[in-house]
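> Listed below are the residues making up each chain.
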Amino acid sequence: MDAKLVNPFIDALVAVMPQMGFDVPKRTKMSVKSQTCASLGVSIIVGFTKGLRGNVVYNLSEDAAKFIASKMMMGMPVEALDEMAQSALSEMSNMLTANAATNLAAMGYTVDISTPSLTVGQDFQIKISNENYLVVDMDLGGQIMELNIAVQA
Amino acid sequence: MERIKVLVVDDSRVSCAMLSNMMAKTNFEVCGMASNCADAVLKYESLRPMAVTMDMNLPDADGIECSRRIREIDPDARIVMISAMKDASLMERGREVGITSFLQKPVSPYELIDALSCIVSDDIKRNTSIRDLYIQSFSKVLRQSLFSLVGVHSEMSMERAEGSYLDIPSGIAVIVGLTGSPMGRAIVYMDTETMFAMAKAILMKEDDDKMTAEEAGDVIEEAANIIVGRCASVINDLKDVDMRISPPGTIVGKNIRIANFKISSYYIEAKTRFGKVCMNVGFAEGE
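Heads up: the sequence lines are chains A and B, in that order.
Quick note: the first sequence uses the numbering used here, first residue 1, plus one each step.
Quick note: the second sequence uses the numbering used here, first residue 1001, plus one each step.
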C-alpha cells in the first residue's frame, strides 16, 4: 500500500480535532502491520469504496476513548464508556473519515464512506486486510489514537 | 412479510408483462390484470388489491374515468397513473378523481416500486417501506447464498433491532460497509461452532478434519463478502442506485459488542443444520 495514502487521514485528524477543542494532534509513530489489528478496547471501523476500497480503524484504549468523549462533550466527566460517550466517538470517526474523503478527492480519488461500526470488547482482533497495511499513532494531549489504514491494491 | 397485491390495468400485454417482472423481485405481487375499464372495475371489486397501476389509454374509457369508477366502489383505492405524457392538465384531472401518484413511460423499476411503496404506506414514513424491501431482499439473498454455498436449507426470520447493541458472546462478525444511498453496514455473524461447521462445509471437508480458527475465519469472511455483495447487486437492480460494499472487517473474539447508533437496523436469522447464521443490516438514519 502506498504510504502517501495515510496523509489524508492524518491531515483530517489535524484539521478536525482542534475544532473540537483538542491540541493539534502529533504523529508519534508509523509502522506496518499485517492483516490483523488487535483492538485496544474500543475500535471504530469505517469502510470506503469507489476510487479506493479499504477500511480505516480508529483504535483506542478505554482511557483514551473516555478522554476524547469527555472533551467532545464540553469537558463533561465520563466515568464509564456509556452510550452517549460511544455515540460521540462514532460521530467523531464519521467526521474524520468524511474529512479524509475530501482530502483524498483532492488527490484524485473519489471515495464514498460507510457508517462507522463501533466495537467494544476485552480481547478481540479485527482483520482489515489480506496484506500489509499502515498504522499511525497520533498523540492527542497525552492519549494515543491508533489509526489503522488498509487500502486494497 | 406479506406480499402486497397489485392490480395492473393496461391494454398492452407487453406493458403488463414488464410491470409484473419489475414486481417479481419485490414484496409486491400482481394479483390480476385488466385490459379495459369495465374489466378493471370488475376485477377491483372481486380482488380488492392494495394498489392499482393505471394506464391512461384504455379501449373503452381513459384511465382517469376508470380510476373515478374504481374510487366509486372504494373511496380509499390507491392508484398509480402511468402515462406516455405527464402534463399539468392530466395531473390536475387525475387529482380531481383522487390519484396522487403519476409516472411517465417508460417506467423504471425504481420509480414503480417507490411509487407503489409510497401510496400503500400512508401511515409509514416514505422510506420505511423501501427499507423493508431492502431487508427482504437481504433475507432472500442470505437464504439463496447459503443454499448455493453449502446446499443447506434455512429457516428464515427477521425483526427490527430495538436495542443499541449487537452482542456476540463468542464467535465471528464480518462487518461490510455499504456506501451510496442509503449508506450503512451489514454484519454477518455466528458463534464459533457454527463458524467451523460452515467453513468445513464450504470447503467440502469432513467434520473431523483439522482446521484452524484463522482458516475458518477466512472462509467465513469470504462467504460474508460474497453474500453482502450479492445483496447489494440485487438492491442495485431493484432500485436504480449505486450501492457498493467496502472490503470486510472481520472481528474474532469473545464478548464482542457492536454499537447500533444512529442507524435503523434489522436482524435477519437463518437457522440451518450447522447453526444460526445471522445478519444485522443497518442504514443511517435521516437519509
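Simulated from the structure, these hints should not be mistaken for lab results.
Predicted model only: the values in this text are computed from it and were never measured.
Wrong hints could be hidden among the right ones.
[As the list claims (entries may be wrong)] To give an idea of the chain B side of the interface with chain A (calculated C-beta under 8 Å), a few residues:
1) I1004
2) P1106
3) S1108
4) R1185
5) L1238
6) V1241
7) S1246
Every residue gets a Cβ at the ideal spot worked out from N, C-alpha and C, and that includes glycine.
> Look at each hint and say if it fits the structure.
Okay, the hints, checked on the actual structure:
no.	hint	verdict
1	I1004	violated (29 Å)
2	P1106	violated (29 Å)
3	S1108	violated (22 Å)
4	R1185	holds (5 Å)
5	L1238	violated (19 Å)
6	V1241	violated (12 Å)
7	S1246	holds (2 Å)
Figure legend: structure checked against the earlier numbered hints; hints not met, in rising order: 1, 2, 3, 5 and 6.
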